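Peer 1: Residue numbers (this note's numbering), protein chains in the order written: chain F, 1 to 199; chain U, 1 to 159.
Derived from the structure by calculation, the hints contain no laboratory data.
All values derive from a computational prediction rather than experimental measurement.
One should not assume that every hint holds.
In silico DSBU-like pairs for lysine-lysine, Cα to Cα no more than 35 angstroms straight-line [said to hold, decoys possible]:
| no. | chain 1 | residue 1 | chain 2 | residue 2 |
| --- | --- | --- | --- | --- |
| 1 | U | Lys145 | F | Lys57 |
| 2 | F | Lys84 | U | Lys43 |
| 3 | U | Lys70 | F | Lys57 |
| 4 | F | Lys162 | F | Lys194 |
This is what each chain is made of:
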Amino acid sequence: MAKRSAPEVNAGSMADIAFLLLIFFLVTTTIETDTGLNRRLPPIDDQEVEPPVIRQKNIFTVLINGKNQLMVEEELMELKDLRKAAVEFLDNGGGTGDEACTYCKGKKDPKSSDNPDKAIISLKNERETKYGMYISVQNELVAAYNQLRDRRATELYGISLKEMEANYNDVNWIGNKETLKEKIDRIKVEYPQKLSEVQ
Amino acid sequence: MAKFNKKKSGELPAISTASLPDIVFMLLFFFMVATTMRETTLKIENKLPFADQVEKLDKKDLIMYIYIGKPQEAFQGQYGTESRIQLNDKFAELVDIKSFIASERASKREELVPFLTVALKVDENANMGLVSDVKQELRKENALKINYTTKKGDISENR
Chain F
1 MAKRSAPEVN AGSMADIAFL LLIFFLVTTT IETDTGLNRR LPPIDDQEVE PPVIRQKNIF
61 TVLINGKNQL MVEEELMELK DLRKAAVEFL DNGGGTGDEA CTYCKGKKDP KSSDNPDKAI
121 ISLKNERETK YGMYISVQNE LVAAYNQLRD RRATELYGIS LKEMEANYND VNWIGNKETL
181 KEKIDRIKVE YPQKLSEVQ
Chain U
1 MAKFNKKKSG ELPAISTASL PDIVFMLLFF FMVATTMRET TLKIENKLPF ADQVEKLDKK
61 DLIMYIYIGK PQEAFQGQYG TESRIQLNDK FAELVDIKSF IASERASKRE ELVPFLTVAL
121 KVDENANMGL VSDVKQELRK ENALKINYTT KKGDISENR
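For reference, chain F alone in the conformation it holds in the complex (with noise of 0.2 angstroms):
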């Protein structure tokens, strides 16, 4: 018998296939964004509480009203001067004696916060107010928080705050894990994260 070769395959089509499965799951994938804001709700206290007195000028106001605008300590503000204003008040250091701050760079008035472990933010929203703004000011208030705290990482351990924790949460990076988790509490602790907010 005569040897019959096998007839080669067209493969000329492939490639509308294959740009059709492609087509199909571009449209049909949508990329979700798994990036935001972490924050904690306060738990609800079943007991009564003594609120703990706190003084008038501890407290950094801010408040948005329905009609997206925004007041900072009575005053009326911009929203891209509530950054400056934040850090400003969070780095203040007003205080003398056991509430001195000896980390602080700001002015030192005594109207403003005596330290950052007792400087409170505390937010208010109308339920007219729109989200957008909302995570606006969010956003700004915590990046006031990142930037003191990273500038006091850079301080004491020459690397950013963002960088020891991703080093952190690297498996591949070489060091020891538990001095760099005291570095990073130790400036969450001269830095703490105190944004409250009044329903």
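Position chain U against the provided structure of chain F, taking the given hints into account.
Peer 2: Below, chain U alone, put in the same frame as chain F:
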């Protein structure tokens, strides 16, 4: 000699398209791997706000999603134009959050329950009133870890 034909000048050789399928398959695999299918069908408008101090959410399986926003046009006749809550595939009321959290917790292994995070995917035009109510409801359920899902970008793009 007749045996050697002179090459015709000016004619380009055809480019081989044999590797085209390979290239396209490569793209296809990239998209298949990089994208995740949406698990729920959105019935609301969900244009997330922007923020630049974002943290990445890891452990996708430990996240409960709550969507808030204006119903899409197809549902506006039935549900109006006010912001609504969507849990899984359907519109929900505030009271449904309780059972939603309970069922999500029941579906996870017990030791993982404390790590559950609630991701609030809220449309940037929603009012804070509804969001505050949801937050209050979450506090009652002791689901305290929350995440405001935002896109990475500058806050000046909000509005």
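Peer 1: Taking the hints in turn, state whether each one holds.
Peer 2: Now the hints, each set against the structure:
no., hint, result
1, Lys145/U - Lys57/F, "30 angstroms, holds"
2, Lys84/F - Lys43/U, "40 angstroms, violated"
3, Lys70/U - Lys57/F, "40 angstroms, violated"
4, Lys162/F - Lys194/F, "19 angstroms, holds"
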